[in-house]
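Chemist: Here the sequence shown stands for residues 1 to 369, where the numbers follow this note's numbering.
No lab work stands behind these hints: they were computed from the structure.
Any given hint could turn out to be false.
Said to hold, decoys possible - The calculated lysine-lysine pairs, modelled on BS3-like cross-linking and capped at a C-alpha distance of 30 Å, are:
1. K126 / K69
2. K369 / K130
3. K306 / K349
4. K151 / K349
5. K132 / K369
6. K179 / K169
7. K132 / K151
8. K78 / K119
9. K132 / K78
10. K78 / K26
11. K119 / K151
12. K126 / K78
13. K69 / K100
14. K130 / K2
15. K279 / K119
16. K169 / K196
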Amino acid sequence: MKRIYIISGERSGDLHASNLVLALQKLEGNVRFRGMGGSYSQAAGVALAVDYSEVAVMGFLEVVLGFRKVLKYLNLVKKDLLAYRPDALILVDYGGFNMKIAAFAKANGIPVHYYIPPKVWAWNQKRALKLKEFTDQIYSILPFEPAFFEKFEMNVKYVGNPLLDEIRKFKPHDFFFQKNELSYQPIVALLPGSRKQEIHAMLDRMISLVKEFPNTQFVIAGVGSLPSVAYDTARAAGIKVVFDQTYDLLSHATAAVVTSGTATLETALFRVPQIVVYKTSAITYGIAKHLIRVPYISLVNIIADKEVVKELIQDDFSIANLKNELNRIFTNVVYKGEMLQGYDLVQEKIGEGSASEITAGFILDSLKK
1 MKRIYIISGE RSGDLHASNL VLALQKLEGN VRFRGMGGSY SQAAGVALAV
51 DYSEVAVMGF LEVVLGFRKV LKYLNLVKKD LLAYRPDALI LVDYGGFNMK
101 IAAFAKANGI PVHYYIPPKV WAWNQKRALK LKEFTDQIYS ILPFEPAFFE
151 KFEMNVKYVG NPLLDEIRKF KPHDFFFQKN ELSYQPIVAL LPGSRKQEIH
201 AMLDRMISLV KEFPNTQFVI AGVGSLPSVA YDTARAAGIK VVFDQTYDLL
251 SHATAAVVTS GTATLETALF RVPQIVVYKT SAITYGIAKH LIRVPYISLV
301 NIIADKEVVK ELIQDDFSIA NLKNELNRIF TNVVYKGEML QGYDLVQEKI
351 GEGSASEITA GFILDSLKK
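From just these sequences and the hints, can you work out the full model?
Modeler: In structure tokens form, the structure reads like this:
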């Protein structure tokens, strides 16, 4: 029996890890899985040594303040990895943590496969050399990444984007409105993020937008694995929160306000006009501003290599700007049409590949050698 250790560190990575595990099981039934992840990985059959929710921190300042906690779990995973002695280690996204694990595994003779590599093209591009040193194979989900990695003489396989697999599997709920006691007014989806820190930073401003559009129904995409109290301010304002129904919400939405991250690409693939927002601590933002080497923050604009969706970052993330941009989506047909054309370009660039199955095939081939 082959043994695989797999590590993800946040919700989207956990989802992609679980789909990869299921694809590996489908192609090769005689595989056992252990690692770090969340409910998706666990449901797919991964024996969790660590639940990622115990570890997760975000932002430069937050990482510094949470260093002891991260170090504790980093050491725990290292010990567990050595005790398990897998035939392969699969790392999924979560660059800061996983790069340290990659170095450790490589030093201990464990083959390292990186699925969804760190975004080294965005800042500190010399990290690509470390990635080359510590990994045996890299599987990219962004179409422009292989060309970037070629500069460092790295063989990176583009496998397609796993969001496509997830969206293909999705079937809208026939009674979404009734199930969630929603009215039939137009819906604006609010996606404040999947981490407690993100929700704390984004939600209040999103909620303040609601009173500006009295004839519109605002609905929040809640994450069931987070404490319910994270959404108390929304409920107090009379705003509906639907938990773990993001795709259903997007399939019924007229527009969306989305915290920068994977959700921006999901929203585009559902062809929902959106405004991308982000706010973090002043220190984290100041550091990021000096380090980031790409002109955009949202995956939609980065993949398209032009502004398809409006980004309201830090001080630009204001009620006035939110109101203006949402009005543009509602009233400017040309603006909305251009955004949807931009979505077509993004879809064309990422292709139609089945990322989970393709990646699973490559990993199993390597195990047979």
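Chemist: Return the numbers of the hints above that this structure violates; sort them in rising order.
Modeler: none
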